[in-house]
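Colleague: These are the residues of each chain, in order.
2 protein chains.
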Amino acid sequence: MTNAKWIWYPGDFELWLHARTMMRRDERGMYIPPIWKIDSCHPNVKFRRVVELERGETVTIAANGRFNVMVNGHYRYDAKTSFELETGRHEIVVSIMNDQSLPTIYVAGETVRSDDTWSASYQNNKWSDAAAWIFDRPEESPVAYRLATERISPIRSADTDPDARLLDFGRQTFGYVELRGLEGRGRVRVFYGESEEEALSETFCETFDLADIDGETEYTFSLGRAFRFLRVRTDPGLSVRDIGALYEYLPLEYRGSFRGSDALLNEIWDVSIRTLHLNAREFFLDGIKRDRWVWSGDAYQSFLMNYYSFFDDAVCRRTLIALRGNDPVEIHLNTILDYTFYWILSLEDYVLYTNDTDFIAMMYPKIVSLMEFCLNRTNENGMIVGVPGEDWVFVDWAEMGKDGELCVEQILLCRSLEIVGGFARRFGDEDAAARYGRLAAELKENILVTFWDEEQGGLVHSRVDGELNHHMTKYANLFAVLFGYLSPERTETVKREVLKNDRVQPITTPYMRFHELACLCEIGEQEHVREEMLAYWGGMLKLGATSFWEEYDPSAEGAKHYEMYDRPFGKSLCHAWGASPIYLLGKYYLGVRPTAPGYEAYVVEPNLGGLEWLEGSVPTPRGTVDVYADPSTIRVRPAQVGTGRLRFRSVLPPSASQGTVKQIGEDLFELVLESPDVAYEVRYTAVRRDS
Amino acid sequence: MTNAKWIWYPGDFELWLHARTMMRRDERGMYIPPIWKIDSCHPNVKFRRVVELERGETVTIAANGRFNVMVNGHYRYDAKTSFELETGRHEIVVSIMNDQSLPTIYVAGETVRSDDTWSASYQNNKWSDAAAWIFDRPEESPVAYRLATERISPIRSADTDPDARLLDFGRQTFGYVELRGLEGRGRVRVFYGESEEEALSETFCETFDLADIDGETEYTFSLGRAFRFLRVRTDPGLSVRDIGALYEYLPLEYRGSFRGSDALLNEIWDVSIRTLHLNAREFFLDGIKRDRWVWSGDAYQSFLMNYYSFFDDAVCRRTLIALRGNDPVEIHLNTILDYTFYWILSLEDYVLYTNDTDFIAMMYPKIVSLMEFCLNRTNENGMIVGVPGEDWVFVDWAEMGKDGELCVEQILLCRSLEIVGGFARRFGDEDAAARYGRLAAELKENILVTFWDEEQGGLVHSRVDGELNHHMTKYANLFAVLFGYLSPERTETVKREVLKNDRVQPITTPYMRFHELACLCEIGEQEHVREEMLAYWGGMLKLGATSFWEEYDPSAEGAKHYEMYDRPFGKSLCHAWGASPIYLLGKYYLGVRPTAPGYEAYVVEPNLGGLEWLEGSVPTPRGTVDVYADPSTIRVRPAQVGTGRLRFRSVLPPSASQGTVKQIGEDLFELVLESPDVAYEVRYTAVRRDS
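Protein chains in written order, with our numbering: chain V, -14 to 676; chain G, -14 to 676.
Please keep in mind that the hints were generated in silico from the structure rather than gathered at the bench.
Keep in mind that a hint or two might mislead.
Remember, identical chains collapse to one label, so a pair may be satisfied in a single copy or spanning two.
[What the hints assert, rightly or not] Restricting the straight-line Cα-Cα distance to at most 30 Å, the calculated cross-link-like pairs of lysine-lysine (DSS-like) are: (1) Lys351 - Lys111; (2) Lys351 - Lys429; (3) Lys351 - Lys485; (4) Lys545 - Lys351; (5) Lys111 - Lys387; (6) Lys485 - Lys429; (7) Lys111 - Lys65; (8) Lys485 - Lys527; (9) Lys527 - Lys545; (10) Lys647 - Lys429; (11) Lys351 - Lys387; (12) Lys485 - Lys387; (13) Lys545 - Lys429; (14) Lys429 - Lys387.
Owing to the predicted nature of the structure, the values given are computational and were not obtained by experimental measurement.
Please model the entire structure based on the sequences and the hints provided.
Modeller: This is the structure:
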């Protein structure tokens, strides 16, 4: 018997929480709501369960909203905080409405207990499984949900002038500033800084707060903010003894790890996971200082990083639900064409890593209606084009044409069609499966015929009014490689002529670098990517970064690094997409990735990428895959789930402590990791790179 | 220059208010939410206006929610309660979010003033005209909206036992009970009764309240209730000097009137308008005691009564918006198939009486999506059938088959298609107009071919699995007559063989009697209908009714009259549909009805229906049409709008004080009412009925 849990209509808690969270973006004392449609929860919901009681029992009930209880078709006027049930079979229906907050209930008896075995309906004459999460105490309803907090103190403090002091918390953090030991009366102003320069710039720091103290001895600000530095200025006549903060965070287990022979790379990993953790909150946020919004293109990357670190599936689900909202679909996710496709791509990854198909089943109607929205925007070539004034064609912050049929958008659409077709097949929606499959196949052929430029050796950027634009950009090419859309020959050509060609416009944003570096790793460029990581992320560390930035330009100097959006401190210094080394190192160096949902099958292909050794853990639904590798030894301890295959190249015949090594290609060997309780050790002779 | 007004996204105030209102249905201390999907307002909205200033001005701003102001693309960090604008052209955008309540703003400067000339968007990348209503004071936002109240006192009071007293307020009312002059401590219980018996039945009265008094000298209950009688019981040790109530009502102008030679009929009219007024609140409710919900079939009738009494278009719009909710359409309105069609029929009436096409234009996308929802549920014959388990096929409370293709539902669908096709044409949506028009024409022919039974002389009830059910009911026939779907010959046959045929199952509910009596009036049966009114509504008055009931069975006795739904006092004694004499007397006896939108053209066809004389007023968008008639004189004072045509039958040549009487048929004459400033008087000789 499990505990009773608070239950709600699936998605409602997440949408309610999302709306609440979206009330908190401030910029210099001014509020900024999201610039896209936000849906909140359904106000009017009912829950149902049939129970068989061997003996009568008292059932207690708690609710957030006004409610009633019906048993076997009869109202129970007595059911205020509890009611009695006799022996026998009963159909219990609880109807609840809340016009301001989440309608949710908690029902607990000896055997009757609300949980996700109940059904739920938003009074649309359809029933779904109810949703539940961690809330199992009647006195703590889901609307009381708060992230965890922990008291933290500055590591340094200095007076900057008679009325102000500067505090350094040592590293990037997020929390509620606490003032203790207040004496006197007057105003206190707190200026937050991700950098020292920002905290010192009362005129340009992105966030500040003020409070008027009138005899209180303690004061805690009501909104959490991102900061490493604080400047606190008090009116004459007011003094504060002690300034600290309540660090607010999502409790997460650090299941993934990485260490290698390069200390700087290790530090990059450590700062990456701190960056990701700070942004993994109620939802995966883009950054903790400024936007604090949920963006699909950013979240797509955070999900993948999460699978190699916390493996927290709940924050993935919350984020996916919040991004999608409710029907009808009227705009692309975040209004951005490509972001709709990243959301669909995220679902495929979610299933691959977690095997949680129940979630996909719950979302399936919304997946289909989103795909239909996209298909309604395709032209006579089956290609999607941004609707002027409605759709934001983003791709990347870079010079590029955004008009007409962009090749990269068609590739993302094509992959999305394949994915949704796969979901349709999985859920027995055969007509949809066939249709999406056919559309994907037609579009794929159409893309390759239309955009492939034999002369330039890659896919060109776009076609406008039927005219090919011969501009060569990397975007379409790298996704085509990642999705396996190109033949081996064309892949080689693209690698040479586009991806590693300095004359092709370089990718400069860390956002699109995520995809580019992943793509380079897919084609075996781990050494090159390691050097890129050391230069780019290492560059930020050398500037004192304690979390990774929204963007980094090695050529900038001093406080110029903090500029963005025409504001001196507009740049986010703790931005989720800055944490991509977690993903790259886990997937392409430790080399662990699932090949069947939930790691039922997976491969381990360690790649030293120029390191002398590396070791680390990659989380799975049960247990981690632990990997050690140097040029002569590989050790793997498999996860508690599925069957892994260790693949490695060796110039001399290898040997294994357990199992049988099979040669599967020139220099290429495979060892099946049958037993989860065994540490496999392989002795081999690494292939030397010609470099 | 008009005053600034609070503005919101169109429909949001009404949906927010509806959700709030739906939190208030109690039954014996237990809450009952609606049994259908409820939509509330959008949480995230923005407003826009371009202004040209001849000189700079200070603009104040108030908001319900967190907001920001952008002027010419730049955030105004200073805009908290006011901001300055310089001379010149400015684009002002205010973005606001509220996750718990209605997002609405008020902006007021010398020339910059928020009103419905602003644009609004719920961040779906589309703009609409903003909505505004009566709220023009910055300190009173729309969420402070309350109906008016007025203190009332009982007309009689008597102790029923040492701790309880019975109070009679003289007639049906609605309000918040107030206790004054409280002394002592203890619990007070208030039992509400629409009848004395109900108030005295502490066990079965439908509503009650309790309060624990702990030293307060005054106490007002927080929820309004319907009652004429109160029983108030106090604990020993607690006394109350004075019990009254705050009567709560929608302020309405009594623009329509009716008087005739029959005092009982006059009283019926008076009690009808009181009944309608009590139910005309934030929305047109079904009844004030029990449901307090907004039902489309009930509202359809209330709208029509309203056009002959208050002519309050705002309550019509609020009700129509609340009923429709937001997209996507997932269920029929109130889950009832026929109620979807009544909503569409209501829109046609709304335009005909008010000429407010702006409202229809605003609702047009939702009209189309509702119609498409219906068309998705039609079968290969183009006929609509209720989806089992999802759609409630209601028609009426009476024995009848509900399976298969019901003729009456097809007629309602057909008329709805015609109406939506008409709207489509009006708004230039020619493809839709053609399609709906074609579907309506095909369906109409199909209905007449399929259901007409030559032998029985009418349309039969239904067809199930391709087999005609030869059951003859009145429903389809009366709507076919009302919509003019039958030839004059068939209309005569239907009148004789169905509508006035005692062997055809009689209509017994006041709900469907509305349509039946209107239909009988359409075919000239005013004398018969007057007798029916005197018997049915007069019957309630003789039992002491001070408002009209949900249902009345002349054969019941004593408190049995108050039974319904298996509960001793389950019947609503103040039910909107009980007020239908307002409509019948205004439209079919005073004889005033618009023939072009907004009374641009109208007819006046007084019908004494057996009375010696009648007189009264019918409201129009500007002024009333005042009518007096007896068998030799008709006097009409036209409205301040449009052109009226007085039509009457006279056996001898008539004469008129103004204008020229034209003969337009045998005994039939017409006088065009050209001038609104003139009282027209006609001398004529009424046709004597052979009866």
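Colleague: All the hints need checking, so say for each whether the structure fits it.
Modeller: Against the structure, the hints:
For a Cα distance limit of 30 Å, the shortest separation of Lys351 from Lys111 qualifies both inside one copy, at 15 Å, and across copies, at 22 Å. Taking the shortest alpha-carbon separations for Lys351 and Lys429, only the intra-copy value of 24 Å comes in at or below 30 Å, while the best inter-copy value is 37 Å. Neither within a single protomer nor between protomers do Lys351 and Lys485 lie at most 30 Å apart by alpha-carbon distance, with minima of 39 Å and 53 Å respectively. For the homomeric pair Lys545 and Lys351, neither the shortest alpha-carbon distance inside one copy (44 Å) nor that between copies (51 Å) is at most 30 Å.
Proximity of Lys111 to Lys387 under the C-alpha cut-off of 30 Å is restricted to the inter-copy arrangement: shortest distance 21 Å between copies versus 42 Å within a copy. In this assembly of identical chains, the alpha carbons of Lys485 and Lys429 lie at most 30 Å apart only when taken from the same copy (24 Å versus 69 Å across copies). Proximity of Lys111 to Lys65 under the C-alpha cut-off of 30 Å is restricted to the intra-copy arrangement: shortest distance 27 Å within a copy versus 45 Å between copies. For the identical chains of this complex, Lys485 and Lys527 are intra-copy neighbours only, at 27 Å inside a copy versus 96 Å across copies, given an alpha-carbon limit of 30 Å.
In this assembly of identical chains, Lys527 and Lys545 lie within 30 Å of each other by CA distance solely inside one copy; the values are 15 Å within and 89 Å between copies. Proximity of Lys647 and Lys429 under a CA criterion of 30 Å is satisfied in neither setting, with 36 Å inside one chain copy and 76 Å between copies. In the homo-oligomer, the alpha carbons of Lys351 and Lys387 lie at most 30 Å apart inside one protomer (28 Å), although the nearest pairing across protomers, at 33 Å, exceeds that limit. Only within a single protomer do Lys485 and Lys387 lie at most 30 Å apart by alpha-carbon distance; the minimum there is 24 Å, versus 71 Å between protomers.
For the identical chains of this complex, Lys545 and Lys429 are neighbours neither inside a copy (44 Å) nor across copies (74 Å), given an alpha-carbon limit of 30 Å. Taking the shortest alpha-carbon separations for Lys429 and Lys387, only the intra-copy value of 21 Å comes in at or below 30 Å, while the best inter-copy value is 50 Å.
Taken one by one, the earlier hints fail for this structure at numbers 3, 4, 10 and 13, listed in ascending order.
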